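Trainee: The lines below spell out each chain.
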Amino acid sequence: MAITFEHVGYTYQAGTPMATPALSDVSFTVPDHGYLAIIGHTGSGKSTLIQQINALLKPTTGKISVDDFTITPQTTNADLKPLRRHVGMVFQFPESQLFEETIQRDIAFGPQNFGVSEDEANQRALNMLETVGLDESFADRSPFELSGGQMRRVAIAGVLAMQPKILVLDEPTAGLDPQGRLEMMTLFNRLHQEQGLTIILVTHQMEDVAAYADEVAVMQAGKLLTCATPQEVFNDSDWVQSSDIAVPRAAKFAQRLSDRGVKWDQLPLTADQLADQLVQRWPGMGAHHE
Amino acid sequence: MENIIEVQHLSYRYQDTDERPALDDISFTVKAGEWLALVGHNGSGKSTLARAVDGLLPFSEGTVTVGGIKLTPDTVWQVREKIGMIFQNPDNQFVGATVEDDVAFGLENRQISRAEMVPRVKAALDEVGMQAFAQREPGALSGGQKQRVALAGIVAIAPDILILDEATSMLDPQGRRDMLALVQHLREEKHLTVISITHDIDEAASADRILVIDDGKLVEEAKPAEIFAQGERLVHLGLDVPFTAKLKQALQDRGITVPAGYQTTTEMEEWLWQSLSNT
Ligand SMILES: Nc1ncnc2c1ncn2[C@@H]1O[C@H](COP(=O)(O)OP(=O)(O)OP(=O)(O)O)[C@@H](O)[C@H]1O
Ligand SMILES: Nc1ncnc2c1ncn2[C@@H]1O[C@H](COP(=O)(O)OP(=O)(O)OP(=O)(O)O)[C@@H](O)[C@H]1O
Ligand SMILES: [Mg+2]
Ligand SMILES: [Mg+2]
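Going down the list, the protein sequences come from chains V and F. Heads up: the first sequence is residues 312 to 601, going by this note's numbering. Heads up: the second sequence is residues 24 to 302, going by this note's numbering.
Since the hints were derived computationally from the structure, they do not count as laboratory data. It should be emphasised that the depicted structure is a prediction, and the values quoted were computed from it without experimental measurement. Think of the CB as a built atom: it goes at the ideal place given N, C-alpha and C, for glycine as much as any other residue. Treat the hints with care, since some could be wrong.
Unchecked claim - Cut-off 27 Å, straight-line C-alpha distance, at most; resulting in silico cross-link-like pairs (DSS-like, lysine-lysine):
no., chain 1, residue 1, chain 2, residue 2
1, V, 369, V, 392
2, F, 246, V, 563
3, V, 574, F, 54
4, V, 574, V, 563
5, F, 105, F, 54
6, F, 93, F, 105
7, F, 269, F, 93
8, F, 213, F, 54
9, F, 269, V, 563
Unchecked claim - To give an idea of the chain F side of the interface with chain V (calculated C-beta under 7 Å), a few residues:
no., residue
10, 66
11, 111
12, 192
13, 205
14, 245
15, 266
16, 273
17, 292
18, 296
Said to hold, decoys possible - Simulated restraints, written as ranges between beta carbons of each label pair:
no., chain 1, residue 1, chain 2, residue 2, range
19, V, 330, F, 145, 23 to 29 Å
20, F, 146, V, 577, 55 to 61 Å
21, V, 587, F, 287, 31 to 37 Å
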């Protein structure tokens, strides 16, 4: 499913003395089967932006299209149920989306809510538990008596069990151990590759941006600074500096070597890309010195 | 140097029926002024251990001693007064109606006078870059802003011991570095002891010593460089492989001979530069 934002603005508590503008004039398009990463400093509007996609927050101005659905300031909740079944959202804080008495029931809730039978939903829940790296013994436990990373896994399982067409992920790996982080990112990518899910990923991990995203949107103070490929965004080192955005470790490291005179064909964004180019330049090994 | 924290043979089960204890015979000490990182995979027991030290867990096996005071139901308030803890989910610790009230709360609890409180709250919010949000309701903040406010809460108190349970997990890389620098600065200036629970390799690297917890047991205790030299095994310990180790592996896979042991980025840059110039 494709997503288009047209001049979207959002103000919290609009029209009250407490009004806080959080998005202004945001426009971009994510094609069907696209993978968009959203980066930006604390408070720049990333979470506010992605909550517009399933209309958890409705735009104060402008318009959002998700396939055939249109969301405007006037859209009512009744119009939105069909949309919400296709948009799976993993929130920044996993606790905020857990509520059932047992983990199994929590994961089964989404599918059941959208018409899947109880038996099938329960079976899906068990399968999903395994997918996110938790064994069956967790099924009957309370989702609130878990470690932070375990809660995160349950929240992800609940969203995947709905079999959404769009996955909206708000820092989905915060709190996961590195192995879990890699497993979840690989899982999301597999769903993207094999089942064509459209993915929107808010992240502070520039390595993940470089490894997975087709395009990266950079937010700053409620505005969209740019939306382009990771290579285009990270390659422009003057722009990166002046807009104060982070770059992947490999790119930063490569930059330090280029400050000492090493020339790159294209700025390496991952350890593998960097190694490839280093081998090229290695005395007695690569092409450049022969 | 004296030990500010001593944990001896601490074990804990959330339910008597639990097969496996959440903490299993854990013993360690922390020196005053030390920065200790606590790492381990999800569910290994890190937060449980932090709660035990802060007197938030009714454990019956083992002892916890903080600043020479043995933790018991009678001393729990005395012990807690020495400790400022940031919980893994900042929403679980906000109590004030506004950001400002929230930061003031810890000071009120410690009987700080109002005259002293006001400037301390302001200074703490300034330190974390959240002064402009003083009147905001803590719930109505972004994820990273909440973590900054939680940090302001303990900066204001400057307790003897800071326990940070993944306190920077939702900050952007620069914000994370800034907050860690702030903690480091506070520690040097006021001789604080820091325990930081983290999955972030850079944060673990700023510690003096790293403890690794696995399934409720303490399985490793070493300096960061010793831990980082363990290559792929780090993943099993619940840590990431440092960037330099990843790059080294990638070079080795391509037939380049690399020096053994852990290299910092500066060391690795120097080695690569030398190697490339060696024509
Ligand atoms: N419920 C709310 N009421 C009022 N203002 C809010 C609310 N939630 C967020 N804001 C404000 O809107 C702005 C954007 O917040 P948002 O949560 O979208 O940021 P973010 O980019 O996701 O940041 P982070 O990386 O810290 O999660 C911030 O200044 C924040 O304080
Ligand atoms: N309130 C609770 N009731 C019962 N069991 C719990 C409770 N909190 C945690 N546990 C269990 O105790 C074990 C240790 O949890 P703890 O929160 O200490 O892990 P952690 O190392 O902090 O993990 P994470 O990295 O995911 O935050 C886990 O198996 C968890 O399921
Ligand atoms: Mg956010
Ligand atoms: Mg924890």
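Trainee: When the structure is checked against the list of hints, which entries are broken? Sort them ascending.
Mentor: Of the numbered hints, 3, 7, 13, 14, 20, 21 do not hold.
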